[in-house]
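Participant: As a plain string of letters, each chain reads:
Number of protein chains: 4
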Amino acid sequence: MPTFTYDAVVRWSDMDAYGHLNNARFLTLYEEARVALFFIGARDHGLEGSFEEGIIISRHEIDYLRPVDYGDPVRIEMWIEEMKAASFTVAYQMFDEGVLASRARSVCVPFNLEAGFPRRLSQAERDFLEPYLRTG
Amino acid sequence: MPTFTYDAVVRWSDMDAYGHLNNARFLTLYEEARVALFFIGARDHGLEGSFEEGIIISRHEIDYLRPVDYGDPVRIEMWIEEMKAASFTVAYQMFDEGVLASRARSVCVPFNLEAGFPRRLSQAERDFLEPYLRTG
Amino acid sequence: MPTFTYDAVVRWSDMDAYGHLNNARFLTLYEEARVALFFIGARDHGLEGSFEEGIIISRHEIDYLRPVDYGDPVRIEMWIEEMKAASFTVAYQMFDEGVLASRARSVCVPFNLEAGFPRRLSQAERDFLEPYLRTG
Amino acid sequence: MPTFTYDAVVRWSDMDAYGHLNNARFLTLYEEARVALFFIGARDHGLEGSFEEGIIISRHEIDYLRPVDYGDPVRIEMWIEEMKAASFTVAYQMFDEGVLASRARSVCVPFNLEAGFPRRLSQAERDFLEPYLRTG
Numbered sequence: 001m002p003t004f005t006y007d008a009v010v011r012w013s014d015m016d017a018y019g020h021l022n023n024a025r026f027l028t029l030y031e032e033a034r035v036a037l038f039f040i041g042a043r044d045h046g047l048e049g050s051f052e053e054g055i056i057i058s059r060h061e062i063d064y065l066r067p068v069d070y071g072d073p074v075r076i077e078m079w080i081e082e083m084k085a086a087s088f089t090v091a092y093q094m095f096d097e098g099v100l101a102s103r104a105r106s107v108c109v110p111f112n113l114e115a116g117f118p119r120r121l122s123q124a125e126r127d128f129l130e131p132y133l134r135t136g
Numbered sequence: 001m002p003t004f005t006y007d008a009v010v011r012w013s014d015m016d017a018y019g020h021l022n023n024a025r026f027l028t029l030y031e032e033a034r035v036a037l038f039f040i041g042a043r044d045h046g047l048e049g050s051f052e053e054g055i056i057i058s059r060h061e062i063d064y065l066r067p068v069d070y071g072d073p074v075r076i077e078m079w080i081e082e083m084k085a086a087s088f089t090v091a092y093q094m095f096d097e098g099v100l101a102s103r104a105r106s107v108c109v110p111f112n113l114e115a116g117f118p119r120r121l122s123q124a125e126r127d128f129l130e131p132y133l134r135t136g
Numbered sequence: 001m002p003t004f005t006y007d008a009v010v011r012w013s014d015m016d017a018y019g020h021l022n023n024a025r026f027l028t029l030y031e032e033a034r035v036a037l038f039f040i041g042a043r044d045h046g047l048e049g050s051f052e053e054g055i056i057i058s059r060h061e062i063d064y065l066r067p068v069d070y071g072d073p074v075r076i077e078m079w080i081e082e083m084k085a086a087s088f089t090v091a092y093q094m095f096d097e098g099v100l101a102s103r104a105r106s107v108c109v110p111f112n113l114e115a116g117f118p119r120r121l122s123q124a125e126r127d128f129l130e131p132y133l134r135t136g
Numbered sequence: 001m002p003t004f005t006y007d008a009v010v011r012w013s014d015m016d017a018y019g020h021l022n023n024a025r026f027l028t029l030y031e032e033a034r035v036a037l038f039f040i041g042a043r044d045h046g047l048e049g050s051f052e053e054g055i056i057i058s059r060h061e062i063d064y065l066r067p068v069d070y071g072d073p074v075r076i077e078m079w080i081e082e083m084k085a086a087s088f089t090v091a092y093q094m095f096d097e098g099v100l101a102s103r104a105r106s107v108c109v110p111f112n113l114e115a116g117f118p119r120r121l122s123q124a125e126r127d128f129l130e131p132y133l134r135t136g
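Protein chains in written order, with the numbering used here: chain A, 1 to 136; chain B, 1 to 136; chain C, 1 to 136; chain D, 1 to 136.
Check the hints yourself; a few may be wrong.
For chains that are exact copies, the list does not tell them apart, and a pair is met inside one copy or across any two.
[Stated by the list, open to error] 25 angstroms max Cα-Cα, derived DMTMM-like pairs, lysine to aspartate or glutamate: (1) K84 - D96; (2) K84 - D44; (3) K84 - E125; (4) K84 - D127; (5) K84 - D7; (6) K84 - E130; (7) K84 - E114; (8) K84 - D63; (9) K84 - D69; (10) K84 - E32; (11) K84 - E61.
What the hints contain is simulated information worked out from the structure, not anything from laboratory work.
Bound-form chain A, shown alone (with noise of 0.2 angstroms):
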């Protein structure tokens, strides 16, 4: 199954007052991951103009499963879940020492900053984001 696998550090202080990873913490270790690929993306297929600076996320969704402590990184799975002419959707999985801790998902909209309004993916981008297409 074709998935961009990043391992993000969990700093200490990304934990709570309850001695866990914050919720919001989770979103940005998540960020870490995306961006990480877009830069892959902006460096080895000529993308910077468009994945660095010109992609909005439209919606999050993150489902906690288990709480996350500091310690060892986490490691993060990516996939593209759905390619539409618009938008495209980014699947996460988050595991803690092997075992599935969370879940998420970010709709990313091509923008085009300047003119201030969405815009298609280009054929760039499309062949850069195939091979982590997983589908059904």
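Use these hints to put chains B, C and D onto chain A, whose structure you have.
Facilitator: Below, chains B, C and D without anything else, positioned relative to chain A:
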């Protein structure tokens, strides 16, 4: 309509490299509003042992409608969308200068932290949440 | 004594695993106060091009006197401690429920971001800072 | 020279609106390095009850020498600068791509959290810190 309103300060450091409120920080601001509501419950309804430490979040959904910038506080309006035996859903809307900028939902699960498993909402918790319940 | 006062909201998520305001977040709250002061300068003294983007921090010093907990906003009092040709020092005190909890200092250097090197304080900047200057 | 080295990941979300590592986040990265060192002490020298929960920071000093951007981890080198009966000072240097970007110091005070007052360094703590001590 029953609503709990919270004005959340946006910090300069909440901005990301794009100069907008970072996506994950929306969740932090929603959290501030939710914690403020729960503190009122703890203080005014004797729910300290339950709300303050005995509720976990099992799911978040956030829709981003427009970017939010540094400046005046954003207004968060909150209510209870669904109340079941062993979970309830908090719904939020965030307004930036009077304009709807984001919507979110948190599925909350009462939890017995000592015993380590979910529990039912107590009658005192239901009494506290009821006035914020919107149905239909 | 000339003082700029800023009430900083302490977020629940600013607490660390010990249940106290995290050490690094003190710096974030001091930053909020400083940015608020500079924004007034920018807005009321036409210093937008200088204060907003043309000042860098070269040094911070922070003394922690007592732990700060989640609850009411902390009060930050600020003044200018030293004003030299090409730098000035902002001094702060943070009060939690009226009790001094921390002290800090930031050495600020006017900077020409485009040219990439330090510059002298302009007369307009000096005029803005002067009322906050405490000597001796 | 005795040194503890820690490679700290810089997150995309650590960038501020200027596109550089936010000032307060330097302190967060230094904290990660310090916590990592203390965890080694806790694990390898049986100092769990002392280092992990029984040390407070009484002062931080940070010098910012050059801006740090998102990208590769920064390298933090740490050592003990001074060891007194009831406090010790951790010194740090942060390198970005091999170039010194920042220097810092933390004054640490062993603390009896239950009793609520400072205490002396234990012999086990001194034995752990000694190899990292630089004098002169």
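Participant: Give a verdict on every hint.
Facilitator: Results of checking the hints against the structure:
For the identical chains of this complex, K84 and D96 are neighbours neither inside a copy (32 angstroms) nor across copies (30 angstroms), given an alpha-carbon limit of 25 angstroms. With identical chains, the CA atoms of K84 and D44 are at most 25 angstroms apart within one copy only, with a shortest distance of 22 angstroms there and 48 angstroms across copies. In this assembly of identical chains, K84 and E125 lie within 25 angstroms of each other by CA distance solely inside one copy; the values are 12 angstroms within and 44 angstroms between copies. Taking CA atoms no more than 25 angstroms apart as the test, K84 paired with D127 passes inside one copy only; the shortest distance there is 13 angstroms, against 45 angstroms between copies.
Taking CA atoms no more than 25 angstroms apart as the test, K84 paired with D7 passes in neither setting, with 28 angstroms inside one copy and 37 angstroms between copies. Taking the shortest Cα distances, K84 and E130 sit within 25 angstroms of each other inside one copy (11 angstroms), while across copies they are farther apart (41 angstroms). Taking the shortest alpha-carbon separations for K84 and E114, only the intra-copy value of 22 angstroms comes in at or below 25 angstroms, while the best inter-copy value is 41 angstroms. Proximity of K84 to D63 under the C-alpha cut-off of 25 angstroms is found in both arrangements, the shortest distances being 24 angstroms within a copy and 18 angstroms between copies.
For the homomeric pair K84 and D69, neither the shortest alpha-carbon distance inside one copy (37 angstroms) nor that between copies (29 angstroms) is at most 25 angstroms. Taking identical chains as interchangeable, the C-alpha atoms of K84 and E32 lie at most 25 angstroms apart only when both belong to the same chain, with a minimum of 23 angstroms there against 35 angstroms between chains. Taking the closest pair of Cα atoms, K84 and E61 come within 25 angstroms of each other both inside a single copy (18 angstroms) and across two copies (21 angstroms).
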